[in-house]
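Chemist: Heads up: the sequence lines are chains A and B, in that order. Going by the working numbering, 86 is the number at position 85 of the first sequence; the sequence numbering is gapless. Going by the working numbering, 73 is the number at position 62 of the second sequence; the sequence numbering is gapless.
Just so you know, these hints were derived from the structure itself, not from any lab. Errors might be hidden in some of the hints.
What the hints assert, rightly or not - Taking beta-carbon pairs under 8 Å as the criterion, some of the chain B residues facing chain A (in silico): (1) LEU20; (2) VAL36; (3) GLU52; (4) SER59.
What the hints assert, rightly or not - Derived Cβ-Cβ restraints for the label pairs, each shown as a range: (5) ASP32/B to ARG69/A: 25 to 33 Å; (6) ALA11/A to PHE104/B: 29 to 37 Å; (7) ARG61/A to ALA21/B: 55 to 63 Å; (8) ASP67/A to VAL106/B: 48 to 56 Å; (9) THR133/A to ASP32/B: 23 to 31 Å.
Stated by the list, open to error - In the DSS-like style, the derived pairs of lysine-lysine whose C-alpha atoms are separated by at most 30 Å in a straight line are: (10) LYS30/A to LYS34/B; (11) LYS149/A to LYS30/A; (12) LYS58/A to LYS34/B; (13) LYS30/A to LYS58/A; (14) LYS58/A to LYS158/A.
Treat the numbers as computed from the prediction; the structure is a model and nothing was measured. The C-beta atom is built at its ideal place from N, Cα and C for all residues, glycine as well.
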Amino acid sequence: MKGQNDEDLALSRRAAGGDSAAFAMLVEKYERPLRSFLVRTVGADVADDVAQDAFFKAWRAAAQYDGRARYSTWLTRIAWRCRIDRLRRERTPEAVEQESHQPASLEIDDMLARLSESERAALALCEGHGWTQAEAAELLALPLGTLKSTVARAKAKCRAMWEGADHG
Amino acid sequence: MADAFDRFLADSLAPPERVADRKFVAGVQARILLEEGLARERRALLASLATQLAALLAVAAAVWTLGHATPVGEWFTQYSAPGLAVLLLAFAFVVALFSSAGRSPLRGLELG
Numbered sequence: 002m003k004g005q006n007d008e009d010l011a012l013s014r015r016a017a018g019g020d021s022a023a024f025a026m027l028v029e030k031y032e033r034p035l036r037s038f039l040v041r042t043v044g045a046d047v048a049d050d051v052a053q054d055a056f057f058k059a060w061r062a063a064a065q066y067d068g069r070a071r072y073s074t075w076l077t078r079i080a081w082r083c084r085i086d087r088l089r090r091e092r093t094p095e096a097v098e099q100e101s102h103q104p105a106s107l108e109i110d111d112m113l114a115r116l117s118e119s120e121r122a123a124l125a126l127c128e129g130h131g132w133t134q135a136e137a138a139e140l141l142a143l144p145l146g147t148l149k150s151t152v153a154r155a156k157a158k159c160r161a162m163w164e165g166a167d168h169g
Numbered sequence: 012m013a014d015a016f017d018r019f020l021a022d023s024l025a026p027p028e029r030v031a032d033r034k035f036v037a038g039v040q041a042r043i044l045l046e047e048g049l050a051r052e053r054r055a056l057l058a059s060l061a062t063q064l065a066a067l068l069a070v071a072a073a074v075w076t077l078g079h080a081t082p083v084g085e086w087f088t089q090y091s092a093p094g095l096a097v098l099l100l101a102f103a104f105v106v107a108l109f110s111s112a113g114r115s116p117l118r119g120l121e122l123g
């Protein structure tokens, strides 16, 4: 983990110095988990735009990455702020109505569409991306206890749907 | 112990196994290049505006100083029409000089 952080820190420092090839290596490395998280959380229609905003901000703020957190954690925090900014800018009655993105026919998308955005984010990070609950709580600006109950609630809802679909 | 549902959830929510999306990476790089180019042009434009403002202030100060010099003041009192013509010509010269020097800030910016 430490070695990984050191490698990312070195790349980020090179990016801060204007080395776009070094930054491209970071984008190559982290676009897959970040976009996957965003697709699950905010929907496929805006995920790539938010991811691109996040990578651009990460490039501008490359000098601020100090290697204490994982690069993926730092980047996801930036993406989450981008998402919140975007929601503030675009919030209209229609946007609020559509906040829960419509599912594709896939089962997991169907389940996630019935959760709130913070439940989707908490579940995706803790159950799918290997984040600790403390890291997820920090990202979502929730107390640890609230995050734990959010994950448990989201998981219970999904389990009920899953068992209701004759998997149980 | 993880049951079938836990495994299903973890498998479904984990990032997909695939190689890096080169198109997305190129898109991010293109956006960075574009934004950096725009930022450079904005800085150049601001620097150019500051230089022009300083030059105009210097010219104004010089004209004001000259206008308050006694011999020049007397000449302007006696010959106000030619004096005004001289000032207008000088102003037109300064405007022409600065507009030709300041035309370039946005040149070379390719958005395509």
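Chemist: It remains to establish, for every hint, whether it holds in the given structure.
Modeler: We went through each hint and held it up to the structure:
Because the beta carbon of LEU20/B sits about 5 Å from the nearest beta carbon in chain A, less than 8 Å, this interface hint is met. At about 5 Å, the closest approach between the beta carbon of VAL36/B and any beta carbon in chain A falls short of 8 Å, and the interface hint on this residue holds. Annotation: interface hint on GLU52/B violated; nearest CB of chain A at approximately 17 Å, more than 8 Å. This hint is violated: SER59/B has a C-beta 23 Å from the nearest C-beta of chain A, more than the 8 Å allowed.
Against the hinted window of 25 to 33 Å, the Cβ-Cβ separation of ASP32/B and ARG69/A comes to about 28 Å, which satisfies the hint. ALA11/A and PHE104/B have their C-beta atoms about 56 Å apart, which leaves the hinted 29 to 37 Å range violated. Remark: the range hint 55 to 63 Å for ARG61/A to ALA21/B is contradicted by a beta-carbon distance near 34 Å. As the Cβ distance of ASP67/A to VAL106/B is approximately 51 Å, the hint placing it in 48 to 56 Å holds.
Between THR133/A and ASP32/B the beta carbons are some 27 Å apart, a value that agrees with the proposed interval 23 to 31 Å. At roughly 14 Å between alpha-carbon atoms, LYS30/A and LYS34/B fall within 30 Å of each other, so this suggested pair holds. Distance hint between LYS149/A and LYS30/A is fulfilled; the C-alpha atoms sit about 29 Å from each other, no more than 30 Å. Taken as a hint, the LYS58/A and LYS34/B pair is honoured in the structure, with Cα atoms around 19 Å apart against an allowance of 30 Å.
Proposed proximity of LYS30/A and LYS58/A is supported: the alpha carbons are some 16 Å apart, at most 30 Å. Among the hinted pairs, LYS58/A with LYS158/A is inconsistent with the structure: their alpha-carbon atoms are about 35 Å apart, more than 30 Å.
In this structure, the earlier hints numbered 3, 4, 6, 7 and 14 are contradicted, and the remaining ones agree with it.
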